[in-house]
Each structure stands twice: as structure tokens, then as C-alpha cells.
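Protein sequences appear in the order of chains C and G. Start counting the first sequence at 1; every next residue gets the next number (my numbering). Start counting the second sequence at 1; every next residue gets the next number (my numbering).
Wrong hints could be hidden among the right ones.
One copy or two, it doesn't matter: identical chains are merged, so the pair holds either way.
As the list claims (entries may be wrong) - 30 Å max Cα-Cα, derived BS3-like pairs, lysine-lysine:
| no. | residue 1 | residue 2 |
| --- | --- | --- |
| 1 | Lys519 | Lys31 |
| 2 | Lys495 | Lys101 |
| 3 | Lys249 | Lys138 |
| 4 | Lys138 | Lys157 |
| 5 | Lys495 | Lys353 |
| 6 | Lys411 | Lys383 |
| 7 | Lys504 | Lys105 |
| 8 | Lys411 | Lys324 |
| 9 | Lys504 | Lys567 |
Since the hints were derived computationally from the structure, they do not count as laboratory data. Since we're looking at a predicted model, the values are computed, not measured.
2 protein chains.
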Amino acid sequence: MNRTNNCGELSKANLNEDVRLSGWVNKIREKGFIVWIDLRDRYGITQLVFDKDRSSEEVFSAASNLGREFVIEIEGKVIERKSINEKITTGEIEILVSSLKVLNKSLTPPFTIENESDGGEELRMKYRYLDIRREPVKENLIFRHHLSLEVRNYLSKNNFIDVETPYLIKSTPEGARDFIVPSRLNPDHYYALPQSPQIFKQLLMVGGIDKYYQIVKCFRDEDLRADRQPEFTQIDCEMSFVDQEDILKQFEGLMSNLFSKFLNKNDVIFERMTYNEAIENYGIDKPDLRYELKINEISNEVKGKGFQIFDNNDFTASIIVEDKSETTRKEIDNLTEWVKRPQIGATGLLWIKHNTDLTIKSSFDKFFSEKDLKQILNKVSSKPGDILFIMSGDKKNTLEQMGSLRVELAKRFDLIDNNKMCPLWVTDFPLFEWDEDEKRFFSMHHPFTSPKPEFLNQLESNPGKVIANAYDLVLNGNEIGGGSIRIHSFDTQMKVFELLGMDKEEYTDQFGFLIEALKYGAPPHGGIAFGLDRLAAVLQGKDVIRDFIAFPKNNSGKDLMIDAPSKLTKEQLKDLSK
Amino acid sequence: MNRTNNCGELSKANLNEDVRLSGWVNKIREKGFIVWIDLRDRYGITQLVFDKDRSSEEVFSAASNLGREFVIEIEGKVIERKSINEKITTGEIEILVSSLKVLNKSLTPPFTIENESDGGEELRMKYRYLDIRREPVKENLIFRHHLSLEVRNYLSKNNFIDVETPYLIKSTPEGARDFIVPSRLNPDHYYALPQSPQIFKQLLMVGGIDKYYQIVKCFRDEDLRADRQPEFTQIDCEMSFVDQEDILKQFEGLMSNLFSKFLNKNDVIFERMTYNEAIENYGIDKPDLRYELKINEISNEVKGKGFQIFDNNDFTASIIVEDKSETTRKEIDNLTEWVKRPQIGATGLLWIKHNTDLTIKSSFDKFFSEKDLKQILNKVSSKPGDILFIMSGDKKNTLEQMGSLRVELAKRFDLIDNNKMCPLWVTDFPLFEWDEDEKRFFSMHHPFTSPKPEFLNQLESNPGKVIANAYDLVLNGNEIGGGSIRIHSFDTQMKVFELLGMDKEEYTDQFGFLIEALKYGAPPHGGIAFGLDRLAAVLQGKDVIRDFIAFPKNNSGKDLMIDAPSKLTKEQLKDLSK
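Looking at chain C on its own, in the form it has when it is part of the complex (with noise of 0.2 Å):
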């Protein structure tokens, strides 16, 4: 063992003690016949001092060509230090080095190891592995870790059992595209790569695992977007024999136990809304509920004023934002530049303010008497100091559109208290979503989701209107967990199947097994999937997932650290093509 400590621990209980580190030169700093040294591990960093008067003359002149990174092991005395560095738990000790030897030189880092590094993205995900020795990104990596092993013994402790599911799979060409992996045993023959263990699990509740999770890595090749990962990982599980309050209890209990242990926050609320709820009031369907700023509807009372964006549009909504009547003009210029960008797509967004004098001044003064003012803040229980802002148009767009400003408001006006955990569970999704090019339904969560059973009779004459046992865990604006009841008939799954636009012989080639396996004996089920990668993420009050990911792809799907994917050799190609 090249160490009897690490960098973390010395403290002055260890006073006169020798001792034995290993790490990585940190920094160096020379004063005349003193040579200090940050050495740094996992665990923390400990200063070294090598003195020409203490130190042999040997030691003390390797000590001055070590460069940063080398990687060193030395041997030496704990000893007090004079003057303290309350920042680090080992500031009260150094160690007087006796003996010195490299393990490993190093290059000098493409960046600097430091908490707030000079790399830009690109370089670090390059040199991912010296990242990886940044305090942030480890922290990260080790924050996940223990949440993930916490997630396994709470779920293991309620009886769950983690069930490895096959990796190599069958490709089904509903939902999103797979990623395929040619067999050479087999020519022509494909697996897919799972986009979940969605089928497995199920097949696990029909053989009689009636609670079962797994931490699993899934695939989807799609046209990657900002923070998409082609691979991520998700808290994959299912019950038998429960219904949907069943689930959201059980995985509200694994919720707050995470929030109790990493966050120390032990009675959090957990709201409900349905999807419906969610859309009119916040206009998204992940709605953050750290703020306010609810979407009012006040198409009524703005019409018939003359104004013609008003006259002339289904739907008027505003949103408040409280104690913000000073806004500048400025600032709701900025505003609506931002609404008007082609990601928001809005034509251009309308205010009221409602001043603390009492005065009240809009931005269509021109067609809107007092009075007329005054009734839509009546409307919406304005109180003086508000800012109102409004946008009109078709519903669903309008809608969507201050769901985006919602989230903008409360950025640009600092509402938003980081210290807050707000989950909410959005309920009563449509079971299905019709698709205007290929005029026809999709599944809104997937095909073997369970229509309510009150709408059953509906599935063929009205099936848009179907609602579903589905739900979202949204915690602070971030899905971070989506579920539903599964469909356990096997006649309900054929019907779900052909109204999503697949015939018999189509589906039987897919899906036969698991109409098959319906057929013996399956027990209700349901369950649920929550992205381990944004959770940590989330957990921690953070955007960016690909912090939280050890080495992960970039927006092209590239490892840029290993230079992934690549070409392949000849002899390779030849197998494939066999």
C-alpha cells in the first residue's frame, strides 16, 4: 500500500505521528529554504512542508522538481502548523517530509484542477479523466453513488427485488428509434438495444416478482438535443397487485427518504394535479411549484374594448408578478424580444401595471378605460405593486407560450428559492395524442399503458378522450420520474394496439409474446421509471446532467475522450456483413 492515510484525515489527534500519502501535487510554493505542497487524493488535501534545515538534501531538491500532477508518495512526521487554513478539515497539521519518491510524472493538465476550471467544455470532456479530478465533477460522481445505493436498500428493504433484464433485445419500431446491433451468429438478423426494461418488468410481474426495481441503463437514438444522452440511466420498477394510489405512495416514501437523507428536509409535501390542471394554470405539464405565477384566463373581460388582438383571438391570459409594478420599460422590452424568439414563437407580450400609488397603466391604454383596467384586475385579485403580463391567441399556443415566459419571470425576477423542493405527481394524462401528419393516435406515455377503467367503453368510439393511469413525479420544473397502470387484459392490449394503427399480423410480430404471456395469468400491475441522471442533478440544484455522468457524450452523441464512435477494421465490416 503506497499509503497508511489519505489526504482527508490527518488531524492534530495524529500529532508526532509518521505517516505514509500518496496523491497528487496540487500546488507548490517555494520561500527560500521552505518547499509547501498541497497533496491532493479523494479525500481531501494535506500540506507537505520540506525544509532544507529538516528535510536531507536529497529530499529537499526532488521536492523542487516536482512539477503540478506528478504523482508522489512520501513518508514523514505530522506536525502542527502555524498558521491554520480553516478552509480544509486537515488545516490544522503539515507533514515534515522525511522521505519523497514519484510514482508517475506528469504533463502539465490541458487546464487548470481547480474548482472553477479555465477549461472550456470541449478540452475538459477531451480530458475527462484529469475533469474527474476537479472537486465538483468528483463530488458529483460520489453524490451519485450514494444516492443510487440509498435508492437500492430503501427499495430492497420494501421488498423489491433487482432483476437484471437482457441487454440484447428485440427491436420494436413503436416509440422512439433503437439503436440496433447486428448478429453475426445470425445473419440478417438484428437485437435492439433496450430504450427501457419496460416489457421485461412486465414479464417479471406475470412470473410472480411482484416488486421489482433495477438501476439500468437505456438507449434511444434520437436526433440529440441539448443535454440528451443516446445513453442514460433510469430507477426502473413495478408492483403487482396495486392500484395508482398503491404506486405514488410507495415511491413518495422512497422520494422522502432521499429528501430526509441527502437534504435533510423531512416533511415535504408531495401536491397532486391532473394534466389538465396543470396545462391551464402553468401551461406545461412539468409545472416548477417553487413560484407562483399562475396562468389566469381573462379572455372575457378584455374583449370588446376595440383592441384588435384582443377581438380577434380565442384566448387572453395573464400572468402576475407580484411587487414588480416598477419594471422598466427596458426590461419588458427584453422581455418581449425574448417571447418573440423562434423557441417561444409568441407575436408579442402586452402589461398592466397596477402601481402601489393606485394608479394603473397598461400597454393599451389607447383602447382601455380605467374601469375596463380596473375589471381584469378584479379578475385576477391584482393588489397594488403588480405587474401583469399578457399574451393572446389560439389556446394551446398561448398557453405553452407563458408556460415558457412563467419559467422566464421567475429567472429574470429571482422568485425562485433554491432551497425548496416542490414534487408534485401529474395525474389523468390523455391515454393517446393525435398525430396531425400521420393522422393518427400515438400513445402518449406507451402502448401498454392502462386506459381508467371508467373510460374503457370508450376506447373505440372516443378514444382521444380517453384518460390514462399515468402519472409524472415533476420535482422543481424537472420530470423526473413518469409511470403508469399497465394494461393486464390481453383483449384491451390488442384493441390499444390496433387503434394505435398496427394490425394483427404487425403487432403478433412485435408484441406476440406478451399478448401471449397476458393470456396466463397476469396480475394487475403498474409502475414507474425516474432518470437517475437528472434526479442527481435535480437532488443537488442542478441543470446540467452530463455533470452527473462520468463520461458522457456530447450533443452529437460523440465520446470525444475516446473518440466514439469510430471506424471499424475490414475484417470487422466483413463480419457484419456476412
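Starting from the known structure of chain C, fit chain G onto it as the hints suggest.
Coordinates of chain G only, in the frame set by chain C:
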């Protein structure tokens, strides 16, 4: 929730309680006015009773219409059972059923859901979800869950961090064949599925994560042999600032903990043996030490007696089986046939019986006097009652054949104590193996394995003699783990690549990022990987790893249940050939 209790937990302590249970109809017995049903779930079996006098007519007649494997939910009262069943934990009670709901019907299963099923392997694999309902398969999966969680908790307590490494990586043709994944976003470029996270864990060491583990799927596109899976699970570990001894000690700790937790064995001794010792004494690098049956060379003792077999061959050796001098001619003939099978490839089997009446008899009495035979017996310290089996040939093949014979003798003579756990570290493997076909060296473990420092200067002059810092953990004749100290110096790494016949362009193209990483302060490091599938089986005293995998593939790499691999749609093929 479809139940207040599971089917394995009610006892006399619950008498008169009203309960709700759900599960599968395991067995139905009718006797006039009473119907008994064994209700089964993951936790056990509870007897239900439907009594024409005490149950409603509706419930009673519904019970008569149930079939095997129907899923039902019942309500009823816990009552005392007249004929106690001591085989099950719920055997003192039964449930007098007051209401019955059929949650799902079932077709008659294609095989019986019992401990000893009447289903053949193919059928059980096709209906694996029914197979999993069987107690032994279910218990294997549950054991595997507990095993992997115990491993995780032990390693975490020992400061190991679970870090997920990517599945979509770069193909490296050195070694076994990769599964290949075409990248749609990067035409003509391919990912590969990892054969192990070897390089990534080394990069984590360079990154300062000084103790890493992961329970991870690995993939090898091999021509399949019996009981080999194209995807398999590894407990993958790596440590920095350690030497071989530190690693062996650390993982003896892990294994001892597993022996203690799961087998209640607390003082299991870990033997050690060099690769050469293993080959010389047991003819194999993974000897089963639950029995002796050592191989003893007797080349010198048998030469020069005019027996051509001995005289013409370099190497002759014997294995003693104690107390078996009365082995019959027929048994010996049978064994002789066995060693002559092409899988073993021996030319014959000779023997000496050292009888309890002190007479000596051999299959080559014509050439050997009693004195000659005694000389052999003395050499191998034989006692009366022994039988010696003898083979002759070139040393390498004969040792290998005797290694196989040894295992067969142990089975045939019932010498294996199934209650024993005999872990063994095999160390000091050669770094390279010479391949006669390709006329070049191959790595015995992999190209990142470090030579022992004392052999560094022979690396180029005598590569075939270089001993590696590599080790295997063998348990009862199964290789359950293997690892090595890795090369952490970039110039040694380059030298090894060159000795493997790669030119600079080749190894830079494939492993440039690793060589680069070794230049930036790579610490000394090493690790080990255990086969989880195998480990689970061996700890349960079983041979077939397939029984410990929820959804295994068959020997052609096919999943018979989902029918994978399979053909793609035209659209998918088009996407691939872009």
C-alpha cells in the same frame, strides 16, 4: 391494493383476522361440499377453503370454476387448520373465503409450475415468465438480488464508489470480438458494446477515484459454447495506490463477508498457488481444492523397463485415489473410454492397484516387477487400498488430460464435499502466451496487465518468460474472478503493445487516449472483476449459470421468448445504411 397480506406470512397469531389475499391458483382439491385452493404468490402458499355450508352459494360456485394459474383476489377470515401442513410456514391456518374476485384468467400452462417441472429446457425458456413462477428459479433470482446488494454495501462501506461507465464505446479489435452498434448520426461510424469497462476504470484511477466498483453488463460476440452468454454481468473493481497483496486482502474481505452472510461460514481459508504450481499439481489453472487427487510425476520411476509407452514419452504421472483398490475392471474400462473421448484426447489409461492385502497389481505387470511397482508406490507415498491412475505423453497435454481426469475421478468416486468452500488465489501467470497459428504473442489476461517489476528488463529480450502481476480467484474449481496490477507507465504500455505486434499507428488509433492519460499523473493501480452469474451459481452449489439469469439466451445467442435477434423493417434498414 389487492391484498392486506401476502401468501407467506399468516399464522396462528392472525386467527380470526379478516384478510384480503391475492395470488395464483396453485392447486384445487374438491371433496363434496368443500373446495380447497392453494393460493400462491412470491412469498408462499396459503390454503383457502370454500365451504358450501359456510360460504355464499355465489362464492362457492365461482370457486368451482377456477383453473390452475388463475389470478384471484379473496377476502376471508383466518381460521385454524385441522390437518396441519408442517412443510409451509402458513401450514397451521387456512382462510375461510367470503368473497372471490377473478383478477385474470389463465390458459393451462404448457408445463407444471412445480419445483420439478415437466417442461423441457426449450419450452421453459420460451415461457420464461412461467418458469420464473417456479420456486427454484424464483429463489435463484432473489438470491442474486441479495448477493449483489451485499456486494454493493460491503464495497461502499470500504469506500468504493459505484461509477457507471458508458455502454456505447469504441471498438478495439485486440481480444475477443466486439458487438458493433452502427451510429446513425455519424454514417460509417460504429460504437462497440464493452467487453468490460477495463479502460474506463483505469481512466477513473487516473481521475483520482481511487476505489471504484460497478456491477455491469459486459458483451462478447463469441461463437457460443454451452452455458456461455453473449451478455454477462461483472462485479468490476479497481483501486489506486495498492500492490497485488493489498488487492488480494481487500477481496478476501469481500468474499469472506459473502461466505459469512450467505453460507454462515466464518473461517474460510484462502489458499494461494502460482500458475505453475497449479498446472503441475492439478493440470489446470483453476483447481478444485475440495478434494486432493494431486498429479504426481513418475517419469523417472517408469522409464527403462521395456514398456514402450513409458519409454517413448517424456512425461508420466499418476493420480492416487485412496481406498479404491477394489475398483472393478469394468469401472476402469469405462474411465478409459472417457479419457479417450475427443474432448479429452488421451490415448489410454494405465493403473496400479495397491491392495489392502499388500499385493500389487497393474495394467503393465508384464514389464514391471513387484519391486519396480513398489518403487513407483514409494515415490508417490501410496498406502495400501490406493489405486493409481497413470497417463503418459508430452507434458503439456498429459497434464491437461490428467486435470480433466482428476475432476472426473472426484465425481465418479463421490469425493466432493458439497458443503466445502475452497477459495484459491492463483498468481504469477505468464504475461504472454505464444500463438503458434498467428506466430505472435497474445496477452494472457489483457494488454494492460503489468509485468512483475523484476521481469521488466526481460520484457523485450525474453517476453515468453515474463511473469505478470496477475491473479485469479478460483472457488471450488470455478474461476470466479480475475485481475491484475495494471501498467501505469506510458512507455511500458507502448512497449507491450509493440510486443503484441501492433505498430504505433495501430495502438495510437485504438488506445491513444489511454496512453495520453498515462502521461498525466496516472497512479499505480490494479483491480479485479468477478463473474456475478457464476458467483451466484457457485455459492448455491450449482453449475448452470443460466438458472441465475432472469432472461438468458440459448447456445445460439437467441432469446427464445421474445424471438431475438430478429429481422428489421425496411425503414430501419434504410436508416442503418445511410
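Okay, the hints, checked on the actual structure:
In the homo-oligomer, the alpha carbons of Lys519 and Lys31 lie at most 30 Å apart only across protomers (29 Å), although the nearest pairing inside one protomer, at 81 Å, exceeds that limit. For a Cα distance limit of 30 Å, the shortest separation of Lys495 from Lys101 across copies, 24 Å, qualifies, whereas the shortest one inside one copy, 72 Å, does not. With identical chains, the CA atoms of Lys249 and Lys138 are at most 30 Å apart between copies only, with a shortest distance of 27 Å across copies and 33 Å within one. For a Cα distance limit of 30 Å, the shortest separation of Lys138 from Lys157 qualifies both inside one copy, at 29 Å, and across copies, at 18 Å.
Proximity of Lys495 to Lys353 under the C-alpha cut-off of 30 Å is found in neither arrangement, the shortest distances being 54 Å within a copy and 75 Å between copies. When the C-alpha separation of Lys411 and Lys383 is checked against a cutoff of 30 Å, the pair qualifies only within one copy, where the shortest distance is 22 Å, while the shortest distance between copies is 89 Å. Only between protomers do Lys504 and Lys105 lie at most 30 Å apart by alpha-carbon distance; the minimum there is 22 Å, versus 65 Å within a single protomer. For the homomeric pair Lys411 and Lys324, the shortest alpha-carbon distance inside one copy (14 Å) is at most 30 Å, but the shortest distance between copies (85 Å) is not.
In this homomeric assembly, Lys504 and Lys567 come within 30 Å of each other (Cα to Cα) only across copies, at 18 Å, whereas the closest approach inside a single copy is 40 Å.
Comparing the model with each numbered hint stated earlier shows that hint 5 is the single one that does not hold.
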